[in-house]
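J.: Spelled out from the first residue to the last, the chains are:
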Amino acid sequence: MAPHDLRRPFKRPLISDQEKRRQQSLLRQAQNRRDAQNHARFLASTALSLEQPHELEPEPVSAPELHDELIPDSEAPESPKELDVVEASKLKGAEARKWFAKQLMHPEWMIDIPENLSQDWFVFARPSGKRCFVVSCNGTTISRLRNGSILHRFPSELPNGARRKDSSGPAQSYSILDCIFHEVDQTYYVIDMVCWRGYSLYDCAAEFRFFWLNSKLAETGACEPPSHYHKYRFSLVPVYCCDQSGLCAAYTGSVPYVKDGLLFYNKHAHYQTGITPLALVWKDENCSQYVMDTDSKGQVPNHQQVVLELQEGGKLCTSDDPPVVFGCLDGGFMHESELHSGCLVRFAIGEGGLVLVDGKLEKADLNYLGKANRARASADSFSKVMFQYSVRHSPLRIDDLLGSVNSAADESNKVCDIEMDG
Amino acid sequence: MAMEVTQILLNAQAVDGALRKQAEENLKQFQEQNLPSFLYSLAGELANDEKPAESRKLAGLILKNALDAKEQHRKIELVQRWLSLDPTLKAQIKALLLRTLSSPSVDARSTVSQVIAKVAGIELPHKQWPELIGSLLSNVHQLPAPTRQATLETLGYICEEVSPDVVDQDHVNKILTAVVQGMNSTEENNDVRLAAVRALYNALGFAQANFSNDMERDYIMRIVCETTLSPDVKIRRAAFECLVAISSTYYEKLAPYIQDIFNITAKAVKEDEEQVALQAIEFWSSICDEEIDILEEYGGDFSADSDIPCFYFIKQALSFLVPMLLETLLKQDEDQDQDEGAWNIAMAGGTCLGLVARTVGDDIVPLVMPFIQENISKPDWRQREAATYAFGSILEGPSPEKLEPLVTMALNFMLTALMKDPSNHVKDTTAWTLGRMFEFLHGTALDTPIITPANCQQIVTVLIQSMKDVPNVAEKACGALYFLAQGYEDAGSASSPLTPYFQDIVQALLTVTHREDAVESRLRTAAYEALNEVVRCSNDETAPMVVQLAPLIMLELHNTLENQKVSSDERQNELQGLLCGCLQVIIQKLGSSEPTKYHFMQYADQIMALFLRVFASRSATAHEEAMLAIGALAYATGPDFAKYMTEFYKYLEMGLQNFEDYQVCAITVGVVGDVCRALEEKILPYCDGIMTQLLKDLSSNQLHRSVKPPIFSCFGDIALAIGENFEKYLLYAMPMLQSAAELSAHTSGADDDMTEYTNSLRNGILEAYSGIFQGFKGSPKTQLLMPYAPHVLQFLDSLYMEKDMDDVVTKTAIGVLGDLADTLGSSAGPLIQQSVSSKDFLKECLSSDDHLIKESAEWAKLAISRAISF
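In order, the protein sequence lines correspond to chains A and B.
The end of the first sequence is residue 421 by numbering that gives the first Met the number 0, with every number in the run present.
The end of the second sequence is residue 869 by numbering that gives the first Met the number 0, with every number in the run present.
Chain A on its own, in the form it takes in the complex:
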């Protein structure tokens, strides 16, 4: 119970310089630990594929023709080299072009209606325009077309999308959006989000990616009208659950852009590079100007044309993995037409048409037209050929889709009833 000392610091700072050094060290260590953790969290969360450097195929440098751009097709699968997004974001020039050309997810064409359409799928009206990846990083934003070539380089309100002092977070953290550039209103319509502020969303379900896209994009101001630091407006696309009302809204609802068909995304599917059956495209005359393929003059040919790849043994294959074989050329004909394995060859489908048994191609009546345009990088996919075929013969109509959504609802009711009885 000795009287307590009441001396206070006099003409001296409350903490010594040593204490200050100690605290600063602790702060530095805590910061370094946080950086190391964040680094570990971002890094290696996704490894994406990069083609082997030795496969230097000639590639189109300019943007492909509009009509070609609108039609999903694929490129031959190549042996992947693991490369994460962080490294990829540092690529420049041709390397970057090659890498980005592989990164878009491409829908198959809808040739039959998936089960549980109403429950497991989203639907939205696809904006008409150039499909591209938009990458914002280090104070600039770059959009790249599906072949990897640059469409625009511009400042934007996306994270680190413009050189500004007030940006939050590390400047090198990148964001990648899957967009369609709509010429008429000079707007990027965002149809998917692949990376956001350094976080990769490749391994996230579509449901989550759309949620994230909806909640994050608006926060940035990227949806605001263009300004000095924001050259193009970004805009969200209304995405619906694929039930009766959602499907109707996507099909008939008015949107600020020109529609080019409907896109269907499976809610549980990750963002998968290349062609995937978990995203589907469907078109009819009401919602797209480009239902049927056109030739190089923009005319719809009398007979459906297909481009197939000539493989070993004269097999004519689609670009799918595994490929679907449409027929076979004999050696003599190949020699005569100077065709060799690896060539892309154009055919017209004759009166015999395509014969399917149990969904599998049994027979195809193909008439040789010639080698495909040199700009073509790959053959048609099976679903594309089939969709184009069905458009000419027995198209899948909106009523069929609506019907399946209704019957799905009925079915689930039925299942429910049975369980109640049990």
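Treat the hints as calculated values from the structure; they're not laboratory data.
Each statement offered as a hint is correct.
Beta-carbon label-pair distances, calculated as ranges: (1) CYS222/A x ASP292/B: 37 to 47 Å; (2) ILE149/A x MET600/B: 36 to 46 Å; (3) THR139/A x GLN71/B: 51 to 61 Å; (4) GLU223/A x LEU730/B: 54 to 64 Å; (5) PRO230/B x ASP4/A: 19 to 29 Å; (6) ASP292/B x THR139/A: 45 to 55 Å; (7) PRO543/B x ALA217/A: 43 to 53 Å.
Here are the computed lysine to any residue pairs in the SDA-like style, where the Cα-Cα straight-line distance is at most 25 Å: (8) LYS266/A x LEU830/B; (9) LYS19/A x ASP751/B; (10) LYS27/B x LYS63/B; (11) LYS101/A x GLY777/B; (12) LYS419/B x ARG11/A; (13) LYS330/B x LEU5/A; (14) LYS19/A x THR620/B; (15) LYS314/B x ARG7/A; (16) LYS19/A x THR595/B; (17) LYS802/B x TYR787/B; (18) LYS330/B x GLU270/B; (19) LYS681/B x LEU25/A; (20) LYS215/A x GLU854/B; (21) LYS266/A x SER864/B; (22) LYS19/A x GLN571/B; (23) LYS359/A x VAL390/A; (24) LYS230/A x GLY220/A; (25) LYS19/A x ASP288/B.
If you're wondering where the values come from, they're calculated on a predicted model, not measured in any experiment.
Even glycine gets a Cβ: it sits at the ideal position worked out from N, Cα and C.
Use these hints to put chain B onto chain A, whose structure you have.
T.: Frame of chain A; chain B shown alone:
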């Protein structure tokens, strides 16, 4: 044996060393051979009025030390030892102790009251000795004055020893009644009154309920106030100490009494002896502390949920308080600036004035300015010094708008006074005031700078000149330079007005460190501190000069190490500490940008060699500084640090084993983290040793608890560095983490300190989990972590339910949820979905206002969505 005890105890205090040693040996043997009998003999000795005062006193002291120790682990041992003794024996000892309170010997009484309190400190929390308070209280009412005094002292010690929750309210009421009655002026014996006042001081923490009762509080306050008027100076002082304690414990109950208290304190400050006046001033300083805290916490915005409202006592008393305090400033001691331990009424009054300025802000300025103007030019140094001190005191608190014109006006005057005033005392305060001006009114954030390129040269010249003055003035000049440099900290790469003088400033500071009298008045320390700040706040322009400074400081360190071979003393070690500190700042500065780092790296080998030599000294401070500097070096060097590891490792291990100087241990743990991040997987060869040491540290009850949280964080650093190689440590580290997690999950009933500690422990544990999960990510061995996932999730859930995490823990916790999901992926999906954390906790964090929490939560949401989608 009992016969011998007296002699042994006397011998143990003998002048003859051999005799003393023998006696100490005997006591030790006795204690080891038969503890119960030993303790009983001591209690008997203490109680026996026939025995000599010296042996009784030592008996009491040994008894006290057998019940309590400073070191936490020893304390716990002693408590357990006492509790396990035979109850009958303990009852006998306690009876002897209580009897001793009535002893005619004043020494025996005062010793036994402390022993009784120690026993109470052990037994009351275990619901033992229930009759103690009752029997003490029965003493208070009847027995002769000396016993009453000893009994009141005992009650006071008990209140100091035990926490309020182990004494029931009925006993508290009775203790307070007895104590306050003892203070009453009807008690004629001054010793009893003094004991009562001091007991009340300790009992105040028990009086929550009584202070909430208007009548009881009025009574206590009336008696305390009356006691401040006692004719006995010790009693008056003790009564003011009670008022000081009440001001912080029961601030919100003071409103009805504040006017009376002001009158009492004003009288004491004016008329009473200094020891009483100091307490009276402290009352107002303490009120300022309370109001500053309240205003800081709530920003002056009082909503219904504010715990304690601000009563603005200082603001209300301002016009009386300020003149009272200004008056004290004129009562300086002649040589107070040379005396490190000085504390007098002028110092206390000036300190209080500074606190008042922080409490009320602008309002103080018009009340102080006339005093300054009146006195600043007077022939009497006391008046000039008081005026200067008053000005310096009010520079923190009032707005820059209010002060800036005054400071601009005063600056030239002060610079002249620092050069020309004949009084060292005035110069000391003037230099300090200049430092305060720079500290609070100079910086890139302020609108109108008081320092311009025009007056910068003059300021620097005067300060450098002043560094040649007597040590106490030179020390303050270094301090002023410190803040002058600090003002340019945020100037960025913009040109600093100090750049042209950089070389001169550094040279002047180095010269100061070489002064013969640099060890006086902390001068050398102040010079190095200023040098450190000048380096910290340097910019691109001056970076080359900082690079040149490095070899100079290295040479200094080299020289002290060479001198040490000849003679080693405290000062040599202190200097090594300062030099290591300075090198740490240089390393951190030069390491922070690529071009300077490149230039600095030429010295890395030499500098590391010097640091390693510092470890040869015995000084904990020097070790600590060298370790901190090595951490900075590891960070700057990166993977190349590997080449130092063979030599450095043994010191790293030594640091981790240093339980005694736990600061060294804590800093070494931090440096392990730095080295992990620098070396990454190259740390692997050293991990067996490091992990062994860290695990030992954790299981030790000797190591200060504050080191344990950083050790857990360090597990995370190691795991992140070596990835799946952490596998072999899982078996040891995980159970430790689990049991620590269980202990730290609940804080219920703990005080603020304990809650804060628990949160730091939680953070350490969570950082460990985070590092381990991230370290294993992508490895084929991730499934090894699966068995631990349920526990980690449970821990997160219980933390969430407990609702007492701070923001840092919240951020780390939600991050761990993400890390777990990220690494274990879909195999942990169902577990994650079952946890509350993945739903409510995550949802709360996602909508947090705290940017870092939100960011971590978004990461967690993302990782979880990956884990639970197929």
